[in-house]
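S.K.: Line order of the protein sequences matches chains H and B. In this text, residue positions in the first sequence follow my numbering: the first is 21, and each later residue adds one. In this text, residue positions in the second sequence follow my numbering: the first is 106, and each later residue adds one.
For the record, the hints were derived by calculation from the structure and aren't laboratory data. Worth double-checking, as some hints may not be accurate.
What the hints assert, rightly or not - Part of the chain B face toward chain H, derived, beta carbon under 10 Å:
1. R149
2. D164
3. P173
4. A181
5. A198
6. V202
7. F207
What the hints assert, rightly or not - Some chain B residues flagged as far from chain H (calculated, every beta-carbon gap over 12 Å):
8. S111
9. A145
10. G160
11. S189
Said to hold, decoys possible - Per label pair, the in silico range of CB-to-CB distance:
12. G160/B / A197/H: 25 to 33 Å
13. T32/H / G146/B: 29 to 37 Å
14. K157/H / G129/B: 24 to 32 Å
Since we're looking at a predicted model, the values are computed, not measured. Heads up, the beta-carbon is just placed ideally off N, CA and C, and yes, glycines get one too.
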Amino acid sequence: MIVLRAVVRLVTFVLLVVLALAGLAIALACIGTGENTLSLAWLAEQLRLADVRDEVGGFLDNLEGASPPALAILGGLGAVLLGVVLLVGLLVPARERLVTLETTGDGGRLSARRRPLGQIAGTLVEQVRGVTGASTKVRPGRRTGGRLRITADRTRTAPAKAVEQSSKEALAELTSAFKLRARVRSRLGESGARVQ
Amino acid sequence: MTYSLSTREQLALIAVRAATGVEGVVGMHAQPGGVHTTQAGAERVGGVSVVAGHGEGFDVTLCLSALPVPLHPLAARVRSAVRSRAQIAGLSAAVGVVDVRFDAVVDSPSVARA
Chain H
21 MIVLRAVVRL VTFVLLVVLA LAGLAIALAC IGTGENTLSL AWLAEQLRLA
71 DVRDEVGGFL DNLEGASPPA LAILGGLGAV LLGVVLLVGL LVPARERLVT
121 LETTGDGGRL SARRRPLGQI AGTLVEQVRG VTGASTKVRP GRRTGGRLRI
171 TADRTRTAPA KAVEQSSKEA LAELTSAFKL RARVRSRLGE SGARVQ
Chain B
106 MTYSLSTREQ LALIAVRAAT GVEGVVGMHA QPGGVHTTQA GAERVGGVSV
156 VAGHGEGFDV TLCLSALPVP LHPLAARVRS AVRSRAQIAG LSAAVGVVDV
206 RFDAVVDSPS VARA
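For reference, chain H alone in the conformation it holds in the complex (with noise of 0.2 Å):
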């Protein structure tokens, strides 16, 4: 959703800036008349609209025969995914990305952004014994608790699966609190990685 919204702005901008420089050709071009001055005429000479009218009109008569071409199709088909891709990141409301705790009686929210959340998690899984390092990716549910994946590099010397489990351990309170799904994966730290 952030790509999409930042080619909507993008878009939104290019087209903003083309846009005011049509308008003001086309002002400028409205002061004058006559075909040598600054006049209508002299602009669509200049941007041979003429010429451009000719390749269109041949264009959509092709397309309207029986068999248009591949390219054609395509354009279009892309233009229609653009379109739909710029509806999608400008109407789509953004959507805090937040793990909801609780809702009080009163309707009162406790809710976390997910670094937090990260940040506790990877601390409590650093603590495990032979766990050298900790990576934390947390992704909230719609509506209350959500997923944590991590991963825990652990030293050669220690079993992955010990390690897994004392990691699940250590982070039990912090899950239980948050309705979090806890999903603990293992893998051997870079060489010179040590137990702090």
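Please arrange chain B on chain H, whose structure you already have, making use of the hints.
M.R.: Below, chain B alone, put in the same frame as chain H:
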């Protein structure tokens, strides 16, 4: 010319003072772009938004930076502090729903202020 703060603005200030006074809260977490920021007179109060709720009161949203402590009890203490401060100021009826959200967890208070 004097400018008296509206109830909404007073609530924003009260909520921030109450929240930052709770042990475990490092500070307010102001977001870029003025999101969750309230203008209270000449003061721009970051990390809090106060909006008219469904009832007669105002809904308060607090965005906090906290120490790595259990968040459940901390949020309860923050809510309680906000309500009691509002009561002292005679604005208890103006407080609607109090939302607490943790935007950052820091190891020490100095990290948050940096």
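S.K.: Now look at each hint and say whether the structure bears it out.
M.R.: Evaluated hints:
no.	hint	verdict
1	R149	violated, 21 Å
2	D164	holds, 8 Å
3	P173	holds, 6 Å
4	A181	holds, 8 Å
5	A198	violated, 14 Å
6	V202	holds, 5 Å
7	F207	holds, 4 Å
8	S111	holds, 22 Å
9	A145	holds, 22 Å
10	G160	violated, 10 Å
11	S189	holds, 15 Å
12	G160/B / A197/H: 25 to 33 Å	holds, 29 Å
13	T32/H / G146/B: 29 to 37 Å	holds, 36 Å
14	K157/H / G129/B: 24 to 32 Å	holds, 26 Å
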